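Novice: Chains as they are written, first to last, in our numbering: chain A, 1 to 318; chain B, 1 to 287.
Note that these hints are calculated values from the structure, not bench results.
From a predicted model like this one, the values you see are computed outputs, not experimental measurements.
Treat the hints with care, since some could be wrong.
Unchecked claim - Under 10 Å between C-beta atoms, here's a sample of chain A residues computed to sit facing chain B:
1. R118
2. P164
3. V231
4. M273
Unchecked claim - If you want the footprint, here are the derived chain B segments under chain A, 3+ residues with CB under 8 Å:
5. 139-146
6. 177-185
Glycine included, each C-beta is placed from N, C-alpha and C at the ideal position.
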Amino acid sequence: MDYKSIKKFTMKILNSLKTLTTGNKKLPQTASGLALATHPQSGTDAASHIEIGAGSNAHSSVGSAAKPARMETRGLTVMYGKATGVHNISIPIHTRKVTALIGPSGCGKTTFLRALNRMHDLTRIARVTGEVLLDGKNIYDSDINPVLIRRRIGMVFQKPTPFPTMSIFDNVVAGLKLVGIRNRSILNEACEKALRQAALFDEVKDRLGDAAVSLSGGQQQRLSIARALAVEPEVLLMDEPTSSLDPQATNRIEELIHSLKKEVTIVIITHNMQQAARVSDYTAFFYMGKLVEMGKTKSLFTNPRQKKTEEYITGRFG
Amino acid sequence: MKNLRYRQYRDRLMEMLLVAATIIVLVPLLIIIVHVVVNGFSALNWEFFTEELGSPSRALQERPTGLVHTIIGTVVVDFLALAIAVPVGIGAGIMLSEYPEHMLNPTLRVMNDTLNGMPAILKGLFAFVLIVKPMGTFSGISGAVALAFVMLPIIARTTESALLSIPWTIREAGLAIGLPRWRVVLSTVIPAAKTGLVTGILIAFARAAGEAAPLLFTSFGNNYLPNHWSGFILEPVDTLPQRLYSLAISPYAEWHAMGWAAAILLLGFVILCFTAARLATRKRFKT
Ligand SMILES: Nc1ncnc2c1ncn2[C@@H]1O[C@H](COP(=O)(O)OP(=O)(O)O)[C@@H](O)[C@H]1O
Ligand SMILES: [Mg+2]
Numbered sequence: 001m002d003y004k005s006i007k008k009f010t011m012k013i014l015n016s017l018k019t020l021t022t023g024n025k026k027l028p029q030t031a032s033g034l035a036l037a038t039h040p041q042s043g044t045d046a047a048s049h050i051e052i053g054a055g056s057n058a059h060s061s062v063g064s065a066a067k068p069a070r071m072e073t074r075g076l077t078v079m080y081g082k083a084t085g086v087h088n089i090s091i092p093i094h095t096r097k098v099t100a101l102i103g104p105s106g107c108g109k110t111t112f113l114r115a116l117n118r119m120h121d122l123t124r125i126a127r128v129t130g131e132v133l134l135d136g137k138n139i140y141d142s143d144i145n146p147v148l149i150r151r152r153i154g155m156v157f158q159k160p161t162p163f164p165t166m167s168i169f170d171n172v173v174a175g176l177k178l179v180g181i182r183n184r185s186i187l188n189e190a191c192e193k194a195l196r197q198a199a200l201f202d203e204v205k206d207r208l209g210d211a212a213v214s215l216s217g218g219q220q221q222r223l224s225i226a227r228a229l230a231v232e233p234e235v236l237l238m239d240e241p242t243s244s245l246d247p248q249a250t251n252r253i254e255e256l257i258h259s260l261k262k263e264v265t266i267v268i269i270t271h272n273m274q275q276a277a278r279v280s281d282y283t284a285f286f287y288m289g290k291l292v293e294m295g296k297t298k299s300l301f302t303n304p305r306q307k308k309t310e311e312y313i314t315g316r317f318g
Numbered sequence: 001m002k003n004l005r006y007r008q009y010r011d012r013l014m015e016m017l018l019v020a021a022t023i024i025v026l027v028p029l030l031i032i033i034v035h036v037v038v039n040g041f042s043a044l045n046w047e048f049f050t051e052e053l054g055s056p057s058r059a060l061q062e063r064p065t066g067l068v069h070t071i072i073g074t075v076v077v078d079f080l081a082l083a084i085a086v087p088v089g090i091g092a093g094i095m096l097s098e099y100p101e102h103m104l105n106p107t108l109r110v111m112n113d114t115l116n117g118m119p120a121i122l123k124g125l126f127a128f129v130l131i132v133k134p135m136g137t138f139s140g141i142s143g144a145v146a147l148a149f150v151m152l153p154i155i156a157r158t159t160e161s162a163l164l165s166i167p168w169t170i171r172e173a174g175l176a177i178g179l180p181r182w183r184v185v186l187s188t189v190i191p192a193a194k195t196g197l198v199t200g201i202l203i204a205f206a207r208a209a210g211e212a213a214p215l216l217f218t219s220f221g222n223n224y225l226p227n228h229w230s231g232f233i234l235e236p237v238d239t240l241p242q243r244l245y246s247l248a249i250s251p252y253a254e255w256h257a258m259g260w261a262a263a264i265l266l267l268g269f270v271i272l273c274f275t276a277a278r279l280a281t282r283k284r285f286k287t
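The shape of chain A in the complex, shown without the other chains (with noise of 0.2 Å):
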């Protein structure tokens, strides 16, 4: 064996260390990429995740508050395998503006929202090229860890998703327990903020310690959203979150997207063109993979460009 063949199969050990414990598939075939492998928090991930976890002053301090997050794509593709999901999206994601993202059924949407944290990086057969910027650095940069970028960018799903075994408390402040803070005021103090954010404290706040699954379901979604909020992210990425709630359950949700984009970011997935009307700042539409326009939601939909555009916000198809 010479020294290259044993550098290279040492490499997929660290690898596949590295995979078991962030779910991060690739790494530089470099000797900075040993140091990091073994060190996953060098350098800069290591003063945010310091941060995040540092506990009382610190916790206060993390959040978009203090300097937004700029983020857009260049060139963003995701194949599964020879299939196209999404092809070559470069969209800016306004700051503290809600985007929403719309288009038939299979254009896509899902795939671009999920490029957006790295959550592709559990799904074997997809892969990702092009960049996703986030403050000017690409997210899928060898040195990143998708860890950390998923606590700036959070993303809540299609169906609610309660941890089951955990009471409504800790469904909350689980993001900051399990990453070591556990001063009990501070994490109660976090619980009441998410959970005042996604309007649920009211319903909730005598039973706490309650089964999250004893939610109804639109409290169990609003429920995710607290939980997202809790971590305070800058981003907020959200796939249809109303589309399995009724009417009123909509409506808060909707509410609720209008008073967070104060603080946060937000990307939204819509099949409803009267949701992505009210609550949006600017709307992109997809269509087979590909990007057709995007602009301000009320230039949008008032006056679309595309013919394609056109039709489908009229419901010709779709």
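Given the coordinates of chain A, assemble chain B with the ligands onto it according to the supplied hints.
Specialist: Just chain B with the ligands now, kept in the frame of chain A:
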């Protein structure tokens, strides 16, 4: 009309066939249990649980004799095996279910299935080479290792399916709030799959507790209690399935009766495990 009558008749016939199949399954089991209990009950006296076996002359001269060393040995060896197999088996199960994209996953799956299908006696042979040879003596620990190889693939497989029964979205939700993957598995997936995990462990335990083959050249067997408790780990140790076998092939009627009694214990032990497993799964549907 005729058609309807015919269909009712066919329905009835089907039902009868199914009942017959059930009886065919149940009858041998019942016969075995009744036979074992009838033959062994007389040997189940106080001494059976308090005395060691000793040489055949004890039984022949109606001096007190029993299987206390076998009962303790079984508990020690089985639980040692469990202590080895549970962490490794659960770890492998987590790998199988939670890291499907990992490059070692397919290899692990093939190896686990191979291990599962491998005859138990080969596992004994393996433990012999691995432990008995270097140690220079048969021992409880080598028997435990052999049994751990019986439990391992079962635990890995049941853990995998228990974890897979938890919706994938739960994991993504965990990742989306910035939890590392192992954290998500430990704090959200495993607690949710707990009853399934316990069931799998109990099934693996019951299965291994009934194995004699892997123990024949590992823990080997012993007619006496050790002088020191560590003898249960480091010296040849008696276990119920292997003792049952030795008693059965001995030429003494008295020992045959004790063999039946040992069979009652073994059966009771295994039935207890499976009942516990059933109860554990039943709970899942209540919540
Ligand atoms: N895990 C996957 N494996 C393979 N193909 C997928 C996967 N997820 C989505 N796709 C495909 O990618 C395309 C886009 O899907 P998706 O992003 O879910 O669309 P939308 O959310 O707009 O309905 C579809 O053709 C779909 O079949
Ligand atoms: Mg979708």
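Novice: Would you mind marking each hint as holding or not holding in the structure?
Specialist: Against the structure, the hints:
A hinted interface residue such as A/R118 counts as satisfied when its beta carbon comes closer than 10 Å to some beta carbon of chain B; here the least separation is about 9 Å, so the hint holds. The interface hint given for A/P164 holds, since its Cβ lies 5 Å from the closest Cβ of chain B, which is under the 10 Å cut-off. Interface restraint check: A/V231 against chain B, minimum CB-CB distance 5 Å, threshold 10 Å, status holds. Checking A/M273 against chain B by beta carbon gives a least distance of about 26 Å; that is not within 10 Å, so the hint is violated.
Three residues within the 8 Å Cβ limit are the bar, and the stretch 139-146 of chain B against chain A gives 0, so the coverage statement is violated. Check result for the stretch 177-185 of chain B against chain A: holds, 7 residues qualifying (beta carbon to beta carbon below 8 Å, three or more required).
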